[in-house]
Amino acid sequence: MKELRLMKGNEAIAEAAIRCGVDAYYGYPITPQSEVMEYLMSEEPHKRTGMVVLQAESEVASINMVYGAASGGKLAMTSSSSPGISLMSEGISYIAGAELPCLVVNVQRGGPGLGTIQPGQADYFQSTKGGGHGDYRLIVLAPASVQEMADFVELSFELAFKYRNPAMILSDGAIGQMMEKVYLPAQKERLSNEEVEKRHGSWASIGKKPNRERNIITSLALQSEVQEKHNFKLQAKYKQIEETEVRYEELNCEDAEYLLVAYGTSARICQKVVQLGREKGIKIGLLRPITLWPFPSQIINKLANQVKGILSVEMSAGQMIEDVKLAVEGKVKVMHYGRFGGMIPAPDEVLNALEEKLIKNN
Amino acid sequence: MEDTITTQDIIKNGELVFEKTSCLTDNVLSYCPGCGHGVAHRITMEVIDEMGIQSETIGIAPVGCSVLAYDFMNIDMQGAAHGRAPAVATGIKRVYPEKYVFTYQGDGDLAAIGTAETIHACNRGENIVIIFINNGIYGMTGGQMAPTTLEGMQTSTSPFGRDVERMGHPLKMTELVATLPGTCFVTRQAVHTPSAVRKAKKAIRKAFENQKENKGLSFIEIVSNCNSGWKMTPVKSNQWMEEHMFPFYPLGDIKDV
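Residue numbers (the numbering used here), protein chains in the order written: chain A, 1 to 362; chain B, 1 to 257.
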């Protein structure tokens, strides 16, 4: 039975991880997401489910511990915030190259550099376009509520194992810190070693059995021909994910004349903008990407036929807007409105921006 | 020709004196002739074979000359990013505590870029084995100065010899980790003579036995030659190793709890 609780987003991720039967969490403290590991440690999941929770010496070590556990077919995750994700990017690239399933949570703060500990959405490029080196993709889910923080843990692992690809929950300091009611999933048992071997024995590095060749986890192929072949395989997988796994939410889009595109905290703010606009007689709709990669390009392209202008609202200087523009294919004007460096836009600011940048000029 | 000797003529029942362990693959080693890696690989795999733990062992390969260790070791392996092998080993060992996990790393990997991962895995007392091949040079990238390069030693990035005033001092990683409470067995070995090989193999066996008994982290340094990087013949490099490396990196057990 689902249990209702009032929790912080960071705590919801931690509790959901225990309940989803995650095998290991390796992490390093950083604001504004330290509650994830604090909550896990205080819950003593090694007693509840046998889950391993280990505080590593750095984000670099954390992500490589995830690499180790994921190589064994286990459900492994880590969480951090922007500067820590930069440190993990080396490991994430190796995980993507070695085709390992895992979950990385980024509770974003404002940057660049050490930046601020307040919420931000300036890691869009890093999350969806690479971050680390090489041609790889992360499956990126953007929660807009504490409920989705909890729900996306299971969904991330489902997708990560379906495609043997790292998944990321791209949240921000506001969603991580705010408290909302959340329905928690029922407790699932962790998979036994026998079950892991049954499901993932064809690739997992868990000890060579006499009846099979050794399983090697690596991202190295010194021969260019082999490395290119591996890249083609990855690209084919990414194409399949793009065709299958796009997720988004529409709000008042049916009759919309102006469209807001926003995710996470910005999308929550934009719900209010839609309401304020409609009270003034402006027909505004909101398209909220739930997967940032794969990006919901098709629906945005379709809505571009119907609306007079699109505003990409982000807590960044304008990153997602590039994908919105690519989706729109020049059909209508696409503008950006953002606050950044830890600042959060207010609904009336966004509405003013919409009127100034799109309606006045039409 | 009638007098051609076949393999079968050589291998007759009861005459078998040496057999390659099945824990090594048939792939041709990528190491330079004369290098110590091949012997270090062999004795590690022989220990795994003799203990009957092939199906329960997971090895972690580094970045460096032994980046392709998984081509030669016939066990399940994971290739780690440069220096991160002890973190990767921690990750897999914590979720499979009943299995045997070891890392195999060179001096650049373990004592430079991976210093933090090494020290913290040792300090946490991860129940793993670390095999550390120290030849005082970056072999794979073409002979650059390593953290373990001796004072005055010439490399491609210390062409006039390591000047410790400007380039820092050679790092005794093994003595360093011996001070940490998480290590149970810390030893320095070599593989350049039959008796050294026997001792090194005994130490590796002991390290895996320690892991079986959950005693903590066993750390085995193997001081080895790099005849290509040192620009010497294999024989000369082994002599040079005895004359210069061993006085600074003395062989023997440093800690045995």
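Please note: incorrect hints may appear among the correct ones.
[Said to hold, decoys possible] With a Cα cut of at most 25 Å, we get these calculated SDA-like pairs of lysine to any residue:
hint	chain 1	residue 1	chain 2	residue 2
1	B	K215	A	K129
2	A	K129	A	M335
3	B	K202	B	T179
4	B	K212	B	M153
5	A	K209	B	E19
6	A	K209	B	S22
If you are wondering where the hints come from, they were derived from the structure by calculation, not from laboratory data. Note that this is a predicted model, so its numbers are computed, not measured.
Taking the hints in turn, this is what the structure says about them:
1. With a C-alpha separation of about 45 Å, the suggested pairing of B:K215 with A:K129 is violated against the 25 Å cut-off.
2. Only pairs whose Cα atoms come within 25 Å are accepted, and A:K129 paired with A:M335 is accepted, the gap being roughly 21 Å.
3. A threshold of 25 Å between alpha carbons decides the hint, and for B:K202 with B:T179 the separation of about 23 Å falls inside it, so the pair holds.
4. Only pairs whose Cα atoms come within 25 Å are accepted, and B:K212 paired with B:M153 is rejected, the gap being roughly 40 Å.
5. Note on A:K209 and B:E19: the hinted pairing holds, with a Cα-Cα distance of about 21 Å set against a maximum of 25 Å.
6. Between A:K209 and B:S22 the alpha-carbon distance is near 13 Å, which keeps this suggested pair within the 25 Å criterion.
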